[in-house]
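Chemist: Work out the full structure, taking the sequences as your base and the hints as a guide.
So you can see what is in the structure, the chains are spelled out below.
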Amino acid sequence: MAEVTLIKAINDALATEMTRDPSVCVLGEDVGLDGGVFRATEGLLKRFGPGRVVDTPLNEVGIVGMSIGMAMNGLRPVAEIEFSDFIYPAFDQIVSEMSKMRYRSAGQFTAAVVLRAPSGGGVRGGHYHSQSPEAYYIHTAGLVVVMPSTPADAKGLLSSAIRGEDPVIFLEPKALYRTVKGEVPQGEYLVPLGVGRIVRPGDDLTLIAWGAMVPVAEKAAAAAASEGVGVEIIDPRTLWPLDIEMIESSVRRTGRAVVLHEAPRTCGFGAEISALIQERCFLHLKAPVGRVTGFDTPFPYALEKSYLPDPERTLRAIRASMAF
Amino acid sequence: MSDPEILSVLRPDGTADPAHDPGLSDPEMLSLYRHMVLLRAFDEKAVALQRSGRIGFFVPSTGQEACSIGAGHAVCEGDWIFPAYRDHGVGLMRGYPLAAMVGQILGNTSDATRGRQMPNHWCDRAIHLVSVSSPVATQLPHAVGAAYAAKLRGERIAVLTTFGDGGTSTGDFHAAMNFTGVFRLPVVFFCENNRYAISVPVEHQTATGTLAEKARAYGLPGVRVDGNDVLAIRKAVGDAMDRARAGEGGTLIEALTYRMGPHSTSDDPTVYRSDEEVSAWREKDPIRRFAAFLKGRAVLADPAAEEASARETVRKAVETAESAPAVPLSSMFEDVYSEIPWHLAEQRDSLLSGKG
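Line by line, the protein sequences are chains E and A. Residues 1 to 324 in our numbering are what the first sequence spells out, letter by letter. Residues 1 to 356 in our numbering are what the second sequence spells out, letter by letter.
Everything labelled a hint here was simulated from the structure, so no lab data went into it.
These stretches of chain E come out as covered by chain A in the derived footprint (C-beta under 8 Å, 3 or more residues):
1) 65-71
2) 84-94
3) 97-107
4) 137-145
5) 154-168
Far from chain A by the CB rule (all over 12 Å, computed), these chain E residues:
6) 2
7) 3
8) 181
9) 183
10) 188
11) 197
12) 198
13) 218
14) 223
15) 230
16) 266
17) 271
18) 274
Taking lysine to aspartate or glutamate pairs in the EDC-like style, the calculated list, with each CA pair at most 20 Å apart, reads:
19) E:286 - E:227
20) A:151 - E:21
21) A:295 - A:285
22) A:214 - A:248
23) A:151 - E:55
24) A:295 - A:13
25) A:355 - E:279
26) E:46 - E:30
27) A:45 - A:268
Please read these numbers as outputs of a predicted model, since none were measured by experiment. C-beta: ideal position from N, C-alpha, C; glycine also.
Modeler: Now the structure itself:
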């Protein structure tokens, strides 16, 4: 196995699936000659040609809407939106059209589109290049929401998303694109959707984190270990439908849970996970479920380091739970 | 033709202009007429069902039958249709069964889409009649994608998408027209300019003199046609679909017509339209106009008998569909995803057990 970056693993997944299935197409602004703003689609145009690697006009409604029609007529479109912050003009196409096509037609038509978008902060991208929108899509019936945190998961989850029968919002933690490396199996490789990953085992507290917050969680867990606290880290990988069994089983054992995400707190996905744990593990809990999150402000450029959860804030939440 | 820019075939004297006559056979023209009559009978019955509380809502197409039926006749097997909610006639003309339309507006088990959407939101995969959206013009970019897929596979088909004058104001219209021009896709944009988007007149949708001229900005041809002339519609849409199938790209067609009834059963058009205006358009009724032509050619004997027959067909379809049972409660949780995930299974079980 080769050790590659997360962005390279995404490129590998796209190339592998396009080789396997001629109905897989990539489309979006810049994805052809330029290989996308982060180079996720680099080299695909040369290999698969302009029919399957489509540089579109700059219009998110067009990109998403066209993808829906392509999927309805037998293709497997993988659309790239330059940044997840730029999806909002196409929000209606996603939440009212793509996500509902199967339901409203009673299965006669489906829109199994994979919508890829770099997400999250930490790269000095400011307000329009740093937001974490996962809660909007989790709240929308019919969408699968995925966020990998390792190169292997990026390849395996994206491949599963492309082969799946449901529309997928595939959010890529851009802060990790080139800062994490890992071994990635060559050739076809699948990680099933809906199954979480135990990043680190532990007996005292369950820490749930995804995307760019997984390395933060690992640092906080290492620090907690030096204080004698065993933190179990769970990366759901597929945010929705969530691997509730993995979380439930862990929290029943540890009796403590903290959710860590960089999106704003109010109505963030941490609120839903917290409620699920409360409903299912109430009698096992030794402390309230903690949350470490971004703040309920627009994403700040100059203060991004203070906005984003870090190992210190996470450690404070772990300590508070242990001391409750 | 009083206005040389507007394609028209049926002349005031009851004959057809040979220069633009689409050349349909007598049985084909009789079929067009009968579908127009059936469409109106269905619309009238559906409005009556809404008024008596048997369905919740309806969007009638009275006055626009020439558009729907004429355009529907230009669609060939293998083509795709992305219609607006007022264009159920396109599907009817393509063979979408009346029983399915009735079932859909009732939303019981006679509805193939299991009561998932309000009336007028039908679809049928077998004839590529795609599920209807309520927001205006959202289907236009989907038509582009379907056309792209067909072109990539080398299929010689065309995609028809229909919308009203209000649809031309949307971002989706711009996106779809622009993509179609850039990728030279086989999409026919059929705009039924019926003068109003609910209460807002077309003059408040655009500052351009015509809607057809917008095509030029996207590198497509724009065509204007008499929207109450079924043969002119058949000619304009047929030519555009032929062009699309031949790989020559998309077309924007503006059909000038008038919605004689309300926007929907929730609308009161007397607030924004004068009786004189409606009466003037009633004189241009597309069904009466076509009947006069067909009678002149001895293709049609008794319009009143045709109308009575259509009403009886609709009455029987409603009677049959109304006896179907309600959709089962558990169906609410199906088709959200390809497989039912744990959270929906839990919510379903909770509801069915009376604990939800």
